[in-house]
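Protein chains in written order, with this note's numbering: chain A, 1 to 398; chain B, 1 to 398.
Keep in mind the hints are simulated off the structure, nothing from the lab.
Please read these numbers as outputs of a predicted model, since none were measured by experiment.
Be careful, since some hints might not be right.
[As the list claims (entries may be wrong)] The calculated DSSO-like cross-link candidates involving lysine-lysine, where the alpha carbons are at most 30 Å apart (straight line), are:
#1 B:LYS381 - A:LYS231
#2 A:LYS138 - A:LYS10
#3 A:LYS346 - B:LYS220
#4 B:LYS285 - B:LYS219
#5 B:LYS231 - A:LYS144
#6 A:LYS226 - A:LYS134
[Unchecked claim] In silico negatives: residues of chain B with every beta carbon more than 12 Å from chain A:
#7 LEU19
#8 VAL50
#9 ASP92
#10 PRO130
#11 SER207
#12 LYS220
#13 LEU237
#14 SER247
#15 SER249
#16 GLY298
#17 ALA370
#18 GLU372
#19 VAL382
[Said to hold, decoys possible] Derived list of chain A stretches under chain B, where covered just means 3 residues or more per stretch with a C-beta under 8 Å from a C-beta of chain B:
#20 30–42
#21 66–78
#22 159–173
#23 199–213
Glycine residues also receive a C-beta, built at the ideal position from the N, C-alpha and C atoms.
Number of protein chains: 2
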Amino acid sequence: MSLKSNISYKILNPPIRTLLGPGPSNVHPRVEMAMLAPIVGHLDPYFVTVMEDTMNMLRAVFQTENELTFPISGTGSSGMEASLCNFIQPGDVAVIGVNGLFGERMADVAERCGAVVEQLTAEWGHIIEPDAIKAALKKHKKVKLLGLIHAETSTGALQPLVEASRLAKEYDTLFLADTVTSLGGQEVLVDEWGIDICYSGTQKCLSCPPGLSPFTVNKKALEALKSRTSKVQSWYLDLSLLSSYWSSSRFYHHTAPISMVYALHEALALIIDEGIDNRVQRHLKHGAALQAGLEAMGLKLHAQEGHRLSTLTAVRIPEGVEDLKFRQRLLNEYNIEIGGGLGPLKGKIWRIGLMGHSSTQHNIILVLSAMEKLLQLDGFKVNPGAGVTAALKVLSSN
Amino acid sequence: MSLKSNISYKILNPPIRTLLGPGPSNVHPRVEMAMLAPIVGHLDPYFVTVMEDTMNMLRAVFQTENELTFPISGTGSSGMEASLCNFIQPGDVAVIGVNGLFGERMADVAERCGAVVEQLTAEWGHIIEPDAIKAALKKHKKVKLLGLIHAETSTGALQPLVEASRLAKEYDTLFLADTVTSLGGQEVLVDEWGIDICYSGTQKCLSCPPGLSPFTVNKKALEALKSRTSKVQSWYLDLSLLSSYWSSSRFYHHTAPISMVYALHEALALIIDEGIDNRVQRHLKHGAALQAGLEAMGLKLHAQEGHRLSTLTAVRIPEGVEDLKFRQRLLNEYNIEIGGGLGPLKGKIWRIGLMGHSSTQHNIILVLSAMEKLLQLDGFKVNPGAGVTAALKVLSSN
Numbered sequence: 001m002s003l004k005s006n007i008s009y010k011i012l013n014p015p016i017r018t019l020l021g022p023g024p025s026n027v028h029p030r031v032e033m034a035m036l037a038p039i040v041g042h043l044d045p046y047f048v049t050v051m052e053d054t055m056n057m058l059r060a061v062f063q064t065e066n067e068l069t070f071p072i073s074g075t076g077s078s079g080m081e082a083s084l085c086n087f088i089q090p091g092d093v094a095v096i097g098v099n100g101l102f103g104e105r106m107a108d109v110a111e112r113c114g115a116v117v118e119q120l121t122a123e124w125g126h127i128i129e130p131d132a133i134k135a136a137l138k139k140h141k142k143v144k145l146l147g148l149i150h151a152e153t154s155t156g157a158l159q160p161l162v163e164a165s166r167l168a169k170e171y172d173t174l175f176l177a178d179t180v181t182s183l184g185g186q187e188v189l190v191d192e193w194g195i196d197i198c199y200s201g202t203q204k205c206l207s208c209p210p211g212l213s214p215f216t217v218n219k220k221a222l223e224a225l226k227s228r229t230s231k232v233q234s235w236y237l238d239l240s241l242l243s244s245y246w247s248s249s250r251f252y253h254h255t256a257p258i259s260m261v262y263a264l265h266e267a268l269a270l271i272i273d274e275g276i277d278n279r280v281q282r283h284l285k286h287g288a289a290l291q292a293g294l295e296a297m298g299l300k301l302h303a304q305e306g307h308r309l310s311t312l313t314a315v316r317i318p319e320g321v322e323d324l325k326f327r328q329r330l331l332n333e334y335n336i337e338i339g340g341g342l343g344p345l346k347g348k349i350w351r352i353g354l355m356g357h358s359s360t361q362h363n364i365i366l367v368l369s370a371m372e373k374l375l376q377l378d379g380f381k382v383n384p385g386a387g388v389t390a391a392l393k394v395l396s397s398n
Numbered sequence: 001m002s003l004k005s006n007i008s009y010k011i012l013n014p015p016i017r018t019l020l021g022p023g024p025s026n027v028h029p030r031v032e033m034a035m036l037a038p039i040v041g042h043l044d045p046y047f048v049t050v051m052e053d054t055m056n057m058l059r060a061v062f063q064t065e066n067e068l069t070f071p072i073s074g075t076g077s078s079g080m081e082a083s084l085c086n087f088i089q090p091g092d093v094a095v096i097g098v099n100g101l102f103g104e105r106m107a108d109v110a111e112r113c114g115a116v117v118e119q120l121t122a123e124w125g126h127i128i129e130p131d132a133i134k135a136a137l138k139k140h141k142k143v144k145l146l147g148l149i150h151a152e153t154s155t156g157a158l159q160p161l162v163e164a165s166r167l168a169k170e171y172d173t174l175f176l177a178d179t180v181t182s183l184g185g186q187e188v189l190v191d192e193w194g195i196d197i198c199y200s201g202t203q204k205c206l207s208c209p210p211g212l213s214p215f216t217v218n219k220k221a222l223e224a225l226k227s228r229t230s231k232v233q234s235w236y237l238d239l240s241l242l243s244s245y246w247s248s249s250r251f252y253h254h255t256a257p258i259s260m261v262y263a264l265h266e267a268l269a270l271i272i273d274e275g276i277d278n279r280v281q282r283h284l285k286h287g288a289a290l291q292a293g294l295e296a297m298g299l300k301l302h303a304q305e306g307h308r309l310s311t312l313t314a315v316r317i318p319e320g321v322e323d324l325k326f327r328q329r330l331l332n333e334y335n336i337e338i339g340g341g342l343g344p345l346k347g348k349i350w351r352i353g354l355m356g357h358s359s360t361q362h363n364i365i366l367v368l369s370a371m372e373k374l375l376q377l378d379g380f381k382v383n384p385g386a387g388v389t390a391a392l393k394v395l396s397s398n
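For reference, chain A alone in the conformation it holds in the complex (with noise of 0.2 Å):
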């Protein structure tokens, strides 16, 4: 026995940066504090009442009363696989609307598993509009399922669901909504509004650390699972498997990520004890604040008008400024992460973030006030503290 161990490694210590990306955003403290906990086993009877408070505080974040309200041990993408895996079946036909990165991976995952996909495209930062959907659904002798992105990380839009989800309703069909860059910052009623399955991600405006999805779905969603005839095809991810851990009988399928929903619980605390109202108005002035800072900037929003969501701004990059380079400067000189544009938008925007503990009036006035110097070396005309100014103005507004 030869074992290889001399391996050198570096002790880690991260840089503390100011995360107003697309997302990881930053860790409140008490999120922090709640990953160290001890930890106990899956079926200890003390992480059983850590299980019912989160899927309680989950229940009010998604304004559901769907019993079926639990993170799954996964990222948000895995939240997006279990959404469609459960549901479709070889031959399903899908409606999704493509506007961005993400409608494009949920066509994929819809495909991959067996679904015949109708692609509702629209350009990137527009929305899909209810006329398309209603074609698309009328097209097709039954439609199993439409599935929309709420809030398009990659564009910066926020797509309604109100009247999508009146169609799938005359249509029959089941609505899914991707809530990951809006649940906790944005408007999300899932009851109200009529989403049969939706899911989100713990790393944008719950601003937990990324690594679970929390999930939703109703009884008609359930049914559907019900009236399956094969196996889902994934195991990990068998809603009717999860469900019984998830649920009273406790009983065991994969072991959770115990830090993790730690970590969830504490943040859903946070939402509580903030109130869910406060929560969306914050983020919904502190979007409109960095967006008018933006623009007395000289700087160009990207997404539709009308449509832009508060929890993330895409901005188009100005002639003339290097895309890579301005971004690696406001990280090394500034700490502060924003993200750039992806497939089509790579080079042409950048994101910002204000999510959860990210969006505060003193992240505002930094970014805006990093940009303007950074812009103003890259020979970007800006009036000096028009950025600021603007936004001010709107964070001191009532």
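Dock chain B against chain A, hints included.
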């Protein structure tokens, strides 16, 4: 808008358990502290250095040179699913050793991937014999994959892998080994033993919170992946996408669970500091001491002699002792968690883990003493001190 947000929750305040069940194990304070390290973005240059260190240390712990060696963003079961869904195409034959719950699970997962599964069964607690493996490989024109559970968490049996691996090569079959309850505790030599695909979990002998699945595949497996004619059914676990993120291209796939990767980094650093050899020896000695103690108390070990895990010991529940009540008293009066039996072994065995940071001399003394006391209360005759005395004798030997 009438938001439901008058939800109450309890402040996190877990009991401090000594975790001697089938996992999770107790977490070292250095690992807890690592989770407090500031979150950075998943594409941050700093995080790239953490990923590299983590992959390097994982290679050392798996004893492999495999380039693609990284943690999957899910618990151990997600590693099992990734090991199958990437390599199995519908109609492929998979030979799976089923001598416990996790072998059963592997067979189930393989079937969901479309495999024609040949189950190699053995009594729960016994190993799968090479003759049976050979016969199964011979029987089919082409077997795509042979899957075995190295350390059967449900029975305490340690499956020998060397001859199985040789047979897999002889019959040109991919060889998959589940090392969830062995990696970082029992000897695991991926390259020397010729394992093509191997996964584990973080919450057992690595003594990290649950949430990640260390994973490694060699070139032979990657070539099989490249020769697929259909897309992998899981997007979340698609290795060709995951490998673009966990490689020098760092192409965005999903948001890695930053804090969990920090924790794994630190847990691996602890192994490097201890020395892999020393660590395996520690587990060996502690397992032997516990088993000597249990036998000296008059209890019977469940797993086949000569094939017992050091990391997890299955012991038969004596007549007249009530399983659940006994474990509840151990938990409530001593804050010690041990596991019960699963499936056909429910009510028949207890499973006592000595994994990673939980594998200490004082935990052996503690659990034997507490068990002696509770067994006596249940009317089972134990020579006072016999268990601890026998264990200490092993512990003090060279």
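Hint check results:
1. Note on LYS381 of chain B and LYS231 of chain A: the hinted pairing is violated, with a Cα-Cα distance of about 49 Å set against a maximum of 30 Å.
2. Taking the CA atoms of LYS138 of chain A and LYS10 of chain A, the gap is about 59 Å. The hint is violated against a cut of 30 Å.
3. The straight-line distance between the Cα atoms of LYS346 of chain A and LYS220 of chain B is roughly 35 Å, outside the 30 Å bound, and the hint therefore fails.
4. Of the pairs offered as hints, the one joining LYS285 of chain B and LYS219 of chain B is violated, with about 35 Å between alpha carbons and a cut-off of 30 Å exceeded.
5. Proposed proximity of LYS231 of chain B and LYS144 of chain A is supported: the alpha carbons are some 22 Å apart, at most 30 Å.
6. For the given pair, LYS226 of chain A sits about 27 Å from LYS134 of chain A by alpha-carbon distance, which is consistent with the 30 Å threshold.
7. The non-interface label for LEU19 of chain B is inconsistent with chain A: the shortest C-beta to C-beta separation is roughly 6 Å, within 12 Å.
8. Listed as outside the interface, VAL50 of chain B is inconsistent with that label: its C-beta sits roughly 7 Å from the nearest C-beta of chain A, within the 12 Å cut-off.
9. Its beta-carbon lying about 15 Å from the closest one in chain A, ASP92 of chain B satisfies the requirement of being farther than 12 Å from that chain.
10. With a least beta-carbon separation of about 22 Å from chain A, PRO130 of chain B lies farther than 12 Å from that chain, consistent with its non-interface assignment.
11. With a minimum CB-CB distance of about 10 Å to chain A, SER207 of chain B fails to clear the 12 Å threshold, and the non-interface call is violated.
12. With a minimum CB-CB distance of about 20 Å to chain A, LYS220 of chain B clears the 12 Å threshold, and the non-interface call stands.
13. The beta carbon of LEU237 of chain B sits about 8 Å from the closest Cβ of chain A, which is not more than 12 Å, so the claim that it is off the interface is violated.
14. Here SER247 of chain B stays apart from chain A, with its beta-carbon at least about 18 Å from theirs, past the 12 Å limit.
15. For SER249 of chain B, the requirement that its beta carbon stay farther than 12 Å from each beta carbon of chain A is met, with the minimum near 14 Å.
16. Interface exclusion of GLY298 of chain B from chain A stands, the closest Cβ pair being 27 Å apart, more than 12 Å.
17. No beta-carbon of chain A comes within 12 Å of the beta-carbon of ALA370 of chain B; the shortest separation is about 16 Å.
18. Listed as outside the interface, GLU372 of chain B is consistent with that label: its C-beta sits roughly 22 Å from the nearest C-beta of chain A, beyond the 12 Å cut-off.
19. Consistency note on VAL382 of chain B: stated as away from chain A, and its beta-carbon is indeed over 12 Å from all of that chain's, at 26 Å minimum.
20. Residues of the stretch 30–42 of chain A with a Cβ under 8 Å from some Cβ of chain B number 10, which satisfies the need for three, so the listed coverage holds.
21. Residue count for the stretch 66–78 of chain A with a Cβ under 8 Å from a Cβ of chain B: 6. That meets the three needed, and the coverage hint holds.
22. Judged by the Cβ-Cβ criterion of 8 Å, the stretch 159–173 of chain A is not covered by chain B as claimed, because only 0 of its residues qualify and three are needed.
23. Proximity of the stretch 199–213 of chain A to chain B, defined as three or more residues with a beta carbon under 8 Å from a beta carbon of that chain, is established by the 5 residues found.
Against the hints set out earlier in the document, violations occur for numbers 1, 2, 3, 4, 7, 8, 11, 13 and 22.
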